[in-house]
Amino acid sequence: MSTLTTHRTPVDLDIRPPKRFAKIRAFYGGSSLGAVVTAALLVAVISLIVAGPDFYSVDNFGILTSYIAVPLVMSAFACVGLLAGIVDLSVGPMVGVSAAIFAALGPQLGFWPGAAIAVLVALAAAAINALAVVRFRADSIAATVGMLTILSGITLAVIGSNPPTYIVDGLFAFSLGALGPFSYLFLIAVAVILAVAGFVTFHKVGRHLRAAGGDENAATRAGIKVGRLRVFAFLFGGLGAGIAGILYIGQNGGPALEIGPSLTFQSYAALMIGGFSLVRGGVGNPIGGLFGLLIIGAVGVLLDLQQINNHFLDVVLGSALIVAVLVDRLRGGDRFE
Amino acid sequence: MTTALTDQKTRAVTAPRPRTLKGDHYGITAAALLGALVIVIVVTTVLHPDFFSGRTLIAIGFTMAITGILSVGQAIITISGAVLDLSIPAGLMLPAWAVATMLGASNPLPTALIVLIGVALGVVWGGINALIVTTLKINPIIVTLGTNFIGIAILSMQFTTATVPGRSELSMFGNGSLLLPNIWWVMLVVVLVAAPLLRYTRSGRHLTATGGSVPAARSRGISIRGMRYLAFCTAGICYGIAGVLFAGSTSNFNPMGSASLLLSVIAAVILAGVRMDGGRGSILLLLPACALLATVQTALVFFGLDAAMQSVFQGAILIIALAGDGYLRKRSTR
Amino acid sequence: MHIKYSFRRVAVIVAAAALSLGALSACSSGDSGGAGGSSDDGDFTVGVLVAGHDAPWEEQQADVATALAEKRGWTTIVLTYDNDPSTFTRNVSTLISKKVDAVVGFMVATGANAAAQQRFEAAGIPVITYDIAQDGWYFVGVDNAASGKLNGEAFGNALKEKWDCDVDLVLEGHQSAAGAVDEQRTGGEAEGLLSVCPDIPESAFQSFDSDGTAAAAQPAARNLLTANPNAKHIAVVGINDINVQAALDAQNQLGGDAEILGWGQDGGLIGTDAASPNMLGSAFYFLEGYPHYSFQILDKIAAGNPPEMADTAANGLLIPPCVVTAAEAADVPSGDERTKEIGEKDEAGHDLFCPTK
Numbered sequence: 003m004s005t006l007t008t009h010r011t012p013v014d015l016d017i018r019p020p021k022r023f024a025k026i027r028a029f030y031g032g033s034s035l036g037a038v039v040t041a042a043l044l045v046a047v048i049s050l051i052v053a054g055p056d057f058y059s060v061d062n063f064g065i066l067t068s069y070i071a072v073p074l075v076m077s078a079f080a081c082v083g084l085l086a087g088i089v090d091l092s093v094g095p096m097v098g099v100s101a102a103i104f105a106a107l108g109p110q111l112g113f114w115p116g117a118a119i120a121v122l123v124a125l126a127a128a129a130i131n132a133l134a135v136v137r138f139r140a141d142s143i144a145a146t147v148g149m150l151t152i153l154s155g156i157t158l159a160v161i162g163s164n165p166p167t168y169i170v171d172g173l174f175a176f177s178l179g180a181l182g183p184f185s186y187l188f189l190i191a192v193a194v195i196l197a198v199a200g201f202v203t204f205h206k207v208g209r210h211l212r213a214a215g216g217d218e219n220a221a222t223r224a225g226i227k228v229g230r231l232r233v234f235a236f237l238f239g240g241l242g243a244g245i246a247g248i249l250y251i252g253q254n255g256g257p258a259l260e261i262g263p264s265l266t267f268q269s270y271a272a273l274m275i276g277g278f279s280l281v282r283g284g285v286g287n288p289i290g291g292l293f294g295l296l297i298i299g300a301v302g303v304l305l306d307l308q309q310i311n312n313h314f315l316d317v318v319l320g321s322a323l324i325v326a327v328l329v330d331r332l333r334g335g336d337r338f339e
Numbered sequence: 038m039t040t041a042l043t044d045q046k047t048r049a050v051t052a053p054r055p056r057t058l059k060g061d062h063y064g065i066t067a068a069a070l071l072g073a074l075v076i077v078i079v080v081t082t083v084l085h086p087d088f089f090s091g092r093t094l095i096a097i098g099f100t101m102a103i104t105g106i107l108s109v110g111q112a113i114i115t116i117s118g119a120v121l122d123l124s125i126p127a128g129l130m131l132p133a134w135a136v137a138t139m140l141g142a143s144n145p146l147p148t149a150l151i152v153l154i155g156v157a158l159g160v161v162w163g164g165i166n167a168l169i170v171t172t173l174k175i176n177p178i179i180v181t182l183g184t185n186f187i188g189i190a191i192l193s194m195q196f197t198t199a200t201v202p203g204r205s206e207l208s209m210f211g212n213g214s215l216l217l218p219n220i221w222w223v224m225l226v227v228v229l230v231a232a233p234l235l236r237y238t239r240s241g242r243h244l245t246a247t248g249g250s251v252p253a254a255r256s257r258g259i260s261i262r263g264m265r266y267l268a269f270c271t272a273g274i275c276y277g278i279a280g281v282l283f284a285g286s287t288s289n290f291n292p293m294g295s296a297s298l299l300l301s302v303i304a305a306v307i308l309a310g311v312r313m314d315g316g317r318g319s320i321l322l323l324l325p326a327c328a329l330l331a332t333v334q335t336a337l338v339f340f341g342l343d344a345a346m347q348s349v350f351q352g353a354i355l356i357i358a359l360a361g362d363g364y365l366r367k368r369s370t371r
Numbered sequence: 076m077h078i079k080y081s082f083r084r085v086a087v088i089v090a091a092a093a094l095s096l097g098a099l100s101a102c103s104s105g106d107s108g109g110a111g112g113s114s115d116d117g118d119f120t121v122g123v124l125v126a127g128h129d130a131p132w133e134e135q136q137a138d139v140a141t142a143l144a145e146k147r148g149w150t151t152i153v154l155t156y157d158n159d160p161s162t163f164t165r166n167v168s169t170l171i172s173k174k175v176d177a178v179v180g181f182m183v184a185t186g187a188n189a190a191a192q193q194r195f196e197a198a199g200i201p202v203i204t205y206d207i208a209q210d211g212w213y214f215v216g217v218d219n220a221a222s223g224k225l226n227g228e229a230f231g232n233a234l235k236e237k238w239d240c241d242v243d244l245v246l247e248g249h250q251s252a253a254g255a256v257d258e259q260r261t262g263g264e265a266e267g268l269l270s271v272c273p274d275i276p277e278s279a280f281q282s283f284d285s286d287g288t289a290a291a292a293q294p295a296a297r298n299l300l301t302a303n304p305n306a307k308h309i310a311v312v313g314i315n316d317i318n319v320q321a322a323l324d325a326q327n328q329l330g331g332d333a334e335i336l337g338w339g340q341d342g343g344l345i346g347t348d349a350a351s352p353n354m355l356g357s358a359f360y361f362l363e364g365y366p367h368y369s370f371q372i373l374d375k376i377a378a379g380n381p382p383e384m385a386d387t388a389a390n391g392l393l394i395p396p397c398v399v400t401a402a403e404a405a406d407v408p409s410g411d412e413r414t415k416e417i418g419e420k421d422e423a424g425h426d427l428f429c430p431t432k
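Protein chains in written order, with the numbering used here: chain D, 3 to 339; chain E, 38 to 371; chain F, 76 to 432.
Note that these hints are calculated values from the structure, not bench results. Think of the CB as a built atom: it goes at the ideal place given N, C-alpha and C, for glycine as much as any other residue. Treat the hints with care, as some may be off.
Okay, the calculated bits of chain F under chain E, using three or more residues with CB under 8 Å as the criterion [said to hold, decoys possible]: (1) 129-136; (2) 288-299; (3) 341-349.
Can you make the complete structure from the sequences, with help from the hints?
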């Protein structure tokens, strides 16, 4: 095991890539996507073995892609926080509170006012997180655990014992639509992922974000305003959560008390499988998160097809998480002594 | 109540800065926690005189006992540099389920043996985490996030509801009180044993040193791997004890039943001023931290707040305490 | 260097693959129902939706449905959604794509039910919902409001006898997440109690809320009891036995000379070792046996003769609750035994096991 330390420098890994397509490779995350794509292929093969060729029906792809669309939107926004070196555990509950408020207010106030209030509440929660973490330097995991508790209380107060139902006809019909095997919502989510990937790879602010997450002190010395970037990352995640909450209602027609925690877990598990890290910023590519969610979604659909107890999803996810982080470490990630 | 806590924090900030070790401020944290506790008690008692009673004390004692024992385990892990153990729900549920199952057997083993097996299972759980952390050398947060999901899922396949016979010795003990709940006294013993062990024994100091700086600890000849096992297994003892008492004081539970405890435990450790980056923290301060959390929870009911508002309040208190602590630390290191 | 690194990576990936494959093959051989392909092949296929794994009856209900389907030569597809709307929506998509002929189940993600109803209707799939009414779905279940009231009356009569209705605190153990079922059952029980003991003041009724686990219900009840230190006669009602038992345990922990009595619902604990002697009674709904009723409707649908839509508790297929005292409950067989017997005989749980029918 000890020889592994010699492979930790990124230089070691990037010997091969030629200068040609360097930009494209950078966009796809360079070698960091190798592992998650391999894992996705692996899941694809396992699915074929377990479920047979039936698994590759247009229907199943439609189910898979629409199931992961909302978490995908949420992850696309939340991953910017991870890049900037903050972990916001309250993004899932933000989706929950946004969904609850949108479903409760939408029928009375109309679509846009309801949606605006829902997004604003999510943004307000994110702003409080930013204030506590950036201004007062509270630990981000711990502070957002507090926010998570607050948001679950608000969700309970809004929904009470009678979850409202709000079917937005146009959005509901849209959420059921698909282009071949890909649901429309999924295609939009992929577009969002690609946009965010482009932003963090090519845009100056995106590069600064990654620098701020990678080494805060070095970034500060280089004149990067780390605090301001982190505030931006928090608010960006909050915005994404607010939008995801509206899409959630569009797709499912109503909220529930406990959608937050499972969404958080799903998204962060996907991002970590996709090469992001909870403990160091600056690494990972949103496209990796896309593949991570494809893996999680595929396992979920597989469980449905085979009528397997959902608990196995947790076992598989838990193992996948550990393996993913192990692969990340072997690839040059931090080694924990 | 939030204002009470903020007052406390601001007052602490304006107080003369201590010249203790590298920004440690146990004294201020203790004063802040105790002050906040006194304010909560006084305010609630003035508005609701019934609050000040032996019954309230027992209720608070029950609420803080299991959280308190678990937070000792969590604090040891955090101080040793292993950040957070997110597998506490599974680490508690495994012994609790085993104990409930053994007590419910038609011909049960002696209670003492059952308790021992329960505690041993807690240690086994900690050992599994340590094994994975030291072998794969990946961050404990992720290891324990993963093992918790796996553990709870596997337990969920074993049972849906576990019931504990009400007439068993363990239940009699777990539900009984001697001024304060029996299980509260057990928590007190755990804290009073763990605190000096961590501070004054060789292994305890090595553990803290490892949390402070791995390279420095290694240069002193401390076995890092050994320290990881020590931290997780000692925490495992706490989870085992907590699991046994959980089974003794909860007549029925399901595998997901301990998930909500994790948040309280993390909140207690943070309130007690244990530094997330390791190496610093006081086990004794867990007592006022857990007491404050439990007291607030009970006091809110006296004010007639429903479950939703209770969550909002508790979360707000946590964020404000963290922000205050972070601000204080920023100033003291400047 | 690089080659070495790749080997290691391959090794890791192979290990991961082996692990996942092992897990998946273990479980697929474990409890796979088998139905792989499309079911549109002349067979009658029933989609069975299970809410979660929180209580034993949830899986027992699916077991009974599978047993009854086998008797008729039908196929079942059993899916679980863990009380989660988006997983529920995924289940709905799966059942629609499998072209099942009908769907039965417990639909507790109530927010998502209206959307699911539209989709099933568009696909021409009839749905039978247990306990939770939804426009356009056949209702099979207990009239929770009426049943709660029955329990409350039985409890009220017991309290009239013991305390002459002198009750100064009524704890209502709610479970908000259960939605309307909670309001109807818990609220109904309080209402029934009040109808027998009309002199209990409104201020005596106080609620605590839990997620349905004793770990959450017990501290909530304990704090509420602490906040009412002067009550001498305390009555506990609640959505299920677990919530009521939690309050009885909490009072036992607090001590003192107040007397406390409770009356549960759902029969989850009553009659077992784990129920406090202060739990006077409860009601069995024999939830595991619901498929016996829903399959009567399915028989008609399969015969091409679907009954008229009856989608409320008022006009749907009503299951009688079995209100029992603790002594009567002791004679009722365990959930596993009941599951087996109902699956074999295809008779109503109420007819087979209710001691007070």
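Assertion that chain E covers the stretch 288-299 of chain F - criterion: three or more residues, beta-carbon distance below 8 Å: n = 10 at 8 Å, threshold three: holds.
So is the stretch 129-136 of chain F in contact with chain E by the C-beta rule, three or more residues under 8 Å, or is the coverage claim wrong? Contact hint for the stretch 129-136 of chain F vs chain E: holds, 5 residues under 8 Å.
How about the stretch 341-349 of chain F: do at least three of its residues have a C-beta closer than 8 Å to a C-beta of chain E? Coverage by chain E holds for the stretch 341-349 of chain F (5 residues, Cβ < 8 Å).
The structure meets every hint from the earlier list without exception.
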